Structures are given as structure tokens and as C-alpha cells.
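Below, each chain spelled out in residue letters.
Number of protein chains: 2
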Amino acid sequence: MAKDQELTHEEKLEKVKAMMKDIKIGSLTTIAERGLVSRPMAMQETEFDGDLWFLTFRDTPKIKEITADPRVNVSFSDDDENYVSISGRAEVLEDPEKKKDLWNKAFETIFNTEYDDPNLVLIKVHAHGAEYWESGSKVKAAYQFVANLVGDKEHDLGKNESVNLDQ
Amino acid sequence: MAKDQELTHEEKLEKVKAMMKDIKIGSLTTIAERGLVSRPMAMQETEFDGDLWFLTFRDTPKIKEITADPRVNVSFSDDDENYVSISGRAEVLEDPEKKKDLWNKAFETIFNTEYDDPNLVLIKVHAHGAEYWESGSKVKAAYQFVANLVGDKEHDLGKNESVNLDQ
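Which chain is which? The protein sequence lines are A and B, in order. When you line the first sequence up against the numbering used here, it's residues -6 to 160, in that order. When you line the second sequence up against the numbering used here, it's residues -6 to 160, in that order.
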């Protein structure tokens, strides 16, 4: 297996996209007054382009938390124990067109409402970094093949191992 | 299925313990300078009593992050899409006896060292709240059977639905 340090920015991003492709449930972590809290969230069926979208109700604690502090993490793991961590900033949007675009039949069951419900809002997470852990099923691989995709102007972790999703 | 609001504190805690029992990998989220970051972590084989223990190396970013801000989240999901979120505060310990207690053969493979390696440290997460989502395999159930176990003196979310792990 090629060391991930040898991969290009584009190859690393493709790897993250591929890992996320078949994952249906992500974990969204926010900063609440009582500490860090997370919850399972259904993923939208869109290709990952740097933004993640979630649907939720306006009166949920996570909307209050995001409004107070937009820093979030979204993580995913699949059955093979591949793992992706996305760091980003969340914003709450009420975009009826986007809600319609993202809507599918599964959401009718989850939310027990329709896409034009005014209480339904969008959470848009702008990812500024991603890290992934590849694994067969062994923790050893997950540990040793860690590849750090995160990088930004202030906190570059090393050019060969980092990539900035904003680029 | 009984509504979780009708469960006692003890019954809810037993449910969280049962959900966590067979889970080998948790997700540890910390506050870094660049935002919220998470990573997969091997769980220790101890019964959950309010504290979670992890082993890691002293020179990892998570140790730096926890030292700067001890607020963390640990989440778990199992193959049935049950989900547990633990909010807590982390501290870094160098307790040789506890490292020996927690050590097992799997860690030799993961860390490629022995329990008495001075670079190996313990992360102790003192959980002050837990939330869980029960599911068969349907997102609907995960959404509708949400049970909020979290509560503390300042931010009680309702006596019937919350429980304080510190009690």
C-alpha cells in the first residue's frame, strides 16, 4: 500500500469522498453550555464538495448550540472501520429550494413532515479540514495509516501530510 | 416498547452500559485551535462506571488539546445503529498501576510498545452526562426514541428525561 504522505491533495480528497459515499449516518458534535455533545445525523445524498448538509427542526438544541458557537465536527465510520473526521463551521439556513433539492422519501419517515415545513431548517457545514483513518478491520492499521488532511494557513501540519479543503 | 421517559435513572444507566458493552471503538472529539476534531479510539475493557479510559502517547495532538481545554465528547455506535453520546471532561494521567490494569495484548499491536512505556499516558474522561438513541436499523426509531440522559444542576433538561451521572 502506498503511504498516504505520497498522495496528492486530489487523491486524498478522492479517498475521503469515497469513504463517505456509502455512509448513511454521521455523527455531528457541537459545543453546548454543558460541554461537547454529539448525535447521529442522516447524511444527504450529495457528493462531498467541501460542504455537508443536514436537515433538522428549528427548535432543536443543536440549532441553539450552532447559533451560539458554529464550530462543529462531523465524523463517519463504515463497517470496515474506515473513519473520517471533518472539522468545520456550521450555519443555519432556511433555503426552500435547497430543502426541496435535498429532500427524499426517507426524510418523510424520519421527520414525519414535508420539505416545505417552515420549522425544518438546513445546517450547512463548511468543512475546512478532514482527517481519515484507513483500516481493514485492524486497529493497528487504523493507527498506523493515519493520514492528516487538515491544513490551513495558520496551522499547517506539514505540507506533505496536509491538505486544505478550501483550496 | 416502553417510552424511555418512564425508565428510572438506574434503568437508563443500565441501558447505556449495555449499549457500550460490546463496542470496541469510540470516537473522541476534542477542541483544537483549528476547530473540533475527532478520532477513533480503542475502548478499554472495563464496565462503564462514569469514567472512560483511553491509552495514547504523550506527544499526540489530543493530549495538547485536552490540556488546553478538557471538554470532550465520546460517542459510540454499534452495528444496530444504537448510539451513545458521552459529554465529559478529560484529564491526562501517568498512573503506572492503572496502565498495567488496563493493558491487554491488543495494545501491544496497536501501540507497538509495552504498558510501562513512559511515553504512554492515560486519558481519563469523567462523564457528566450521556444521551442515547435506540434503533433497530431504522433512522426513524433512532430519531423518535431519543432519550436524553443529560442533566446537571444548572442545565436540567427535565427531570423525567434526564439523569446526572454524577449522582
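It should be emphasised that the hints constitute simulated quantities derived from the structure, not laboratory data. Here the structure is a predicted model, which is why all the values come from computation and not from measurement. Misleading hints may appear alongside valid ones.
[Claimed, not checked] Taking lysine-lysine pairs in the DSS-like style, the calculated list, with each CA pair at most 30 Å apart, reads: (1) A:K17 - B:K93; (2) B:K57 - B:K5; (3) B:K117 - B:K93; (4) A:K14 - B:K17; (5) A:K17 - B:K91; (6) A:K10 - B:K17; (7) B:K17 - B:K91; (8) A:K91 - A:K57; (9) A:K93 - A:K117; (10) A:K57 - B:K57; (11) A:K10 - B:K10; (12) A:K117 - A:K92.
[Stated by the list, open to error] Output of the computed footprint for chain B on chain A, the stretches with three or more beta carbons under 8 Å from beta carbons of chain B: (13) 6 to 14; (14) 40 to 53; (15) 73 to 80; (16) 84 to 96.
Just so it is clear, CB atoms sit at the ideal spot from N, CA and C, and this is done for glycine as well.
For a quick check of understanding: which of the numbered hints are violated here, in increasing order?
1, 2, 5, 11, 13, 14 and 16
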